[in-house]
Amino acid sequence: MPMLKPADFHILLALAGGPLHGYGIMKQVERDTSGEVTLEIGSLYRLLARLVSEGLIDHVDSAEERRRYYRITPAGRKALKSEAARLASVVTLVRARKLLPEIDL
Amino acid sequence: MSEFSRKLKWLFQRSSKEKELEEELRFHLEEEAEEGLTTGKLEREALLAAQRSLGNLTLLREQTRSAWGWSPVEDLVQDLRYAFRTIAGNKLFSALASLSLALGIGANTAIYSFMDSILSRTLPVGRPESLVMLKWVAKQPADWGTFVMHSINGSTYDEGGGTNAGIFPYPAFETFQASGVDVFSSLFAYHQTPRLNVAAKGQAYLAAGEYVSGDFFRGLGVPPASGRLLIASDDGFGADPVVVISEAFGRKCFGGADSAIGQKVLINNALFTVVGVTTPEFFGVDPSVNPDVFLPVHSNVVVEASSQFGGQSAEYLDNNYYWLDVMGRLKPGVTLEQAQTTLGPVFANWVATTASTDAERSNLPALKVEPGAGGLETLRRQYSRPLYVLMTLVGLILTIACANVANLLLARISVRRREIALRLSIGAGRLRIVRQLLTESVLLSSIGGMLGVFFAVWGIRFLTLMLAKGSASFTLRAELNWHVLSLALALSMLTGVAFGLAPALQATRVDLVTAMKETRAGGSVAHSHWRFRLGHVLIVGQIAMSLLMLVAAGLFVRTLSNLQSIDVGFNRENLLIFNLNARQAGRPIKEIADLYASLLQQFKAIPGVRQASLANQSFISAGFGLNHHIPGKAMNPADRMLIVGPDYFKTMQIPIVAGREIGESDLPISQPVAMISEYFAKVNFQGENPIGKHVVLRGQRDRKEAERDMEIVGVAKDAKYGGITDRLRPVLYIPYNQGYPEPEEVFFQLRTAGDPLAFINTVREIVRRVDSRMPVGGVETESAAIEHTINQEIVFARLCTGFALLALVIACVGLYGIVSYSVAQRTEEIGIRMALGAQRGRLLTMILRQVGILTALGLAIGLLGSLAASRLVKTFLFGMRPNDPLTIVGAALTLVVAAVLACYAPARRASTIDPMVALRHE
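Note that the protein sequences, when read in sequence, are chains A and B.
Per the numbering used here, the first sequence starts with residue 1, numbered consecutively.
Per the numbering used here, the second sequence starts with residue 1001, numbered consecutively.
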């Protein structure tokens, strides 16, 4: 499984909670990262189109013509999980090297 | 769903997808604006803020689309559609551009197809790469009298500072066969026959033939089309006389390959049986020969038995008679170098034993083994240099055409600057626009390329006709094969990019704001500056190259006119030539002179024939000599001879300067006489009166009984014996009916009233009545025969003139285009000038002066170029030096006149601009 790009990761993470439309994804990512990651609208739809073409997300048919909802696919979920696992192992490694303070979760 | 099929689905749903995207983005915008409202912004402000954050919507769409995965293909389709529209929308420009490219590409393709057929053609045999040719090289002998090669039937050529040849004595061939068994799977020899008389089914034909050794066909690995090919047991004294004929000859004589097998034919009146027919594509080993019949080598003693100079069995033992070409097929895994190391010392040892004096031993030929895949390089030697020159010229044409199209594009693109600037400003990428402009130019050049292939087809036919005019058996077959077509394709693509890239790059490097502000008719002077510099450079280049081509054309045309104005020393008008060979038709040697004498009387009796005579060779291409000497002196090897009939000089109209000419009164039984040329008198008698002096003729190989002691009775004015550019030769003329050598093949000359060719049917009828086995050959007029000897120069002069005119026209179109364009651009400026009182004449001068500067620059560069380049064609010139001032001045003047003409119309248009109209132009 190839590494996910940070923006892709955040989009998938946002969609993990349920289908959202483009604007909703943007807001959700902003909320998730406390405003640390802002998806430019210019790149957002490009990223979405690419993720769809990679089969990580797809469209939800909605009754409302104009709102297009995106939803995470099983493949997308798998990619998200493996990326999360990778990030977690990186965090563990970083902790082991004493680069981050031990925090009780 | 696989990724590909998903993409495919998108491709088909493209327009609905685009609509969806649009909707989605608009929704996004509204959401954002709504949120802005809730945070207390004004509606308008919120919308603006949202739009700002959205950025360039067009760019965004473009980027999103590119993620769908089809944009490269889609872009191309879109670009092509757009390019087609632009090309169709500007018909004059497109026609001019693609036509000039088509001419350039067509000329290149045609010339290249000839180069291809000469330089990269391999023999039509199996595995040609394992064939090698045996050659030898020696220092150029200062005196052929001190060289191991005492007699020769073939040719040598000078190359790499030495004398080279590919012919060997028969014993050398046997030595190679014995010592080469380890490196060659087969070693074979061949030798071109003289022209043969082949009689089949009662009909006589003149045929070209090749003597081939027994292993020839096996070594080449070619199959028969019918019957069997010659084998080793066919080649030897006492073998059954058999012959293999070519497919074309079989069709001509017997109506087909199969019906030829087993047929009896008379070759020079000796009986042979046809045992096989070669395949249609097989032309032997020398592309310039193309034999009709293949005979065993040893049959030459039978075939040429009738000739006094023909094959004799002694030749097979003669170590100093060089005549056989030798070729070999290397065993698998054996390299050319191995063959060289094996046979080199073998030949060195052998040839040392054939030298009889120290002088001969001091310059022995050394063997060299060369690749044989291409066959003999006669054609290559003859045509490759002229073709390189032509290739350079057509290359120049193509460059001029490219520069021209680039210029036209440049002019057109600057008209489209606003459009391009607009597209850049609404988000089109620069690369994208460059790509699109390139698509346009490549499309244009592809159209040019396609047209060019048609031009090439015509060009090849035309060139073949032109080149073949000189020789009866022209075998150079150029064709459009994949080599040639891929060159045309590559040229189209390359030229498309070459002339499209600079304008495209330049056009997209614009300052958007100023470009948008430009008026339709053109813009500020500052902006057109760079563009014009490029345009000017192109024009200067075109003029320089055109001058180069004009100089080349001038040199070749002057060479041709020099050649054509050469006084050949006889009257070439109204003279018919043809040849007969009664000996080959089976007439006994003692009857032939009488037969010819009687024919001559009948020809003279034809109404309209004023004079008739004969000679053993055609004067303009003669080259003949026999052992002879002036009593008390050694033989002069420079002397040449011609065996002539009575009234030869009267017929040819060569003036007699002293004594009398050989006439009807010189009978076989009377005192043997001879005539000489003025130069012969000068060289051999140094001012003494030659009349009454004697010349003694001796037989070949010192046959004493043939000796003929002749008294010189007359001196003829010098004439062009053996070619109009050949150096002057001392010529000895001897009668055809006073003993050895008896006449065999003779060329009749008929001086006619009116068109000589009108008499040919009467001639054929007379010959048929006398002997139907005797075909009339080589029918032509004397002036055509002379033209044939300078055919290459004629072709060169015509082609170069054509090419130069083409270049001139293309360059003038370019000049016209750029001046028209600049006038159009400056309409306003000119209007203002005129409104302020500028004279029309001064405006005209102003524009012409600019053209003048460009032309002068081009001329200066072209002049330097032609001074340097004309040296390269030195060997093609006659009667002039490469830097012939007259030619150069003429070429420059032509160019100046053409340039002024090309610019006059647009310049005049500028000077007649109505200031009111011009100022209202915007």
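No lab work stands behind these hints, which were simulated from the structure alone.
All C-beta atoms in this analysis are idealised placements derived from N, C-alpha and C, irrespective of residue type, glycine included.
Treat each hint with caution, since some may be false.
Interface residues of chain A toward chain B, partial, derived using beta-carbon atoms under 10 Å [stated by the list, open to error]:
(1) Phe-9
(2) Met-26
(3) Leu-87
(4) Val-91
(5) Arg-95
(6) Lys-98
Derived lysine to aspartate or glutamate pairs resembling EDC-like cross-links, with alpha carbons at most 16 Å apart [what the hints assert, rightly or not]:
(7) Lys-1017(B) - Glu-1074(B)
(8) Lys-1135(B) - Asp-1116(B)
(9) Lys-27(A) - Asp-1647(B)
(10) Lys-1693(B) - Asp-1709(B)
(11) Lys-27(A) - Asp-1158(B)
(12) Lys-1693(B) - Glu-1664(B)
(13) Lys-1650(B) - Glu-1573(B)
(14) Lys-1331(B) - Asp-1182(B)
(15) Lys-1604(B) - Asp-1567(B)
(16) Lys-27(A) - Glu-1074(B)
(17) Lys-81(A) - Glu-30(A)
(18) Lys-1017(B) - Glu-83(A)
(19) Lys-27(A) - Glu-1034(B)
(20) Lys-1139(B) - Asp-1158(B)
(21) Lys-1590(B) - Glu-1711(B)
Going down the list of hints, with the structure as the test:
no.	hint	result
1	Phe-9	violated (18 Å)
2	Met-26	holds (8 Å)
3	Leu-87	violated (25 Å)
4	Val-91	violated (31 Å)
5	Arg-95	violated (37 Å)
6	Lys-98	violated (42 Å)
7	Lys-1017(B) - Glu-1074(B)	holds (14 Å)
8	Lys-1135(B) - Asp-1116(B)	violated (25 Å)
9	Lys-27(A) - Asp-1647(B)	violated (116 Å)
10	Lys-1693(B) - Asp-1709(B)	holds (10 Å)
11	Lys-27(A) - Asp-1158(B)	violated (88 Å)
12	Lys-1693(B) - Glu-1664(B)	violated (21 Å)
13	Lys-1650(B) - Glu-1573(B)	holds (14 Å)
14	Lys-1331(B) - Asp-1182(B)	holds (8 Å)
15	Lys-1604(B) - Asp-1567(B)	violated (27 Å)
16	Lys-27(A) - Glu-1074(B)	violated (33 Å)
17	Lys-81(A) - Glu-30(A)	violated (20 Å)
18	Lys-1017(B) - Glu-83(A)	violated (31 Å)
19	Lys-27(A) - Glu-1034(B)	holds (14 Å)
20	Lys-1139(B) - Asp-1158(B)	holds (10 Å)
21	Lys-1590(B) - Glu-1711(B)	violated (23 Å)
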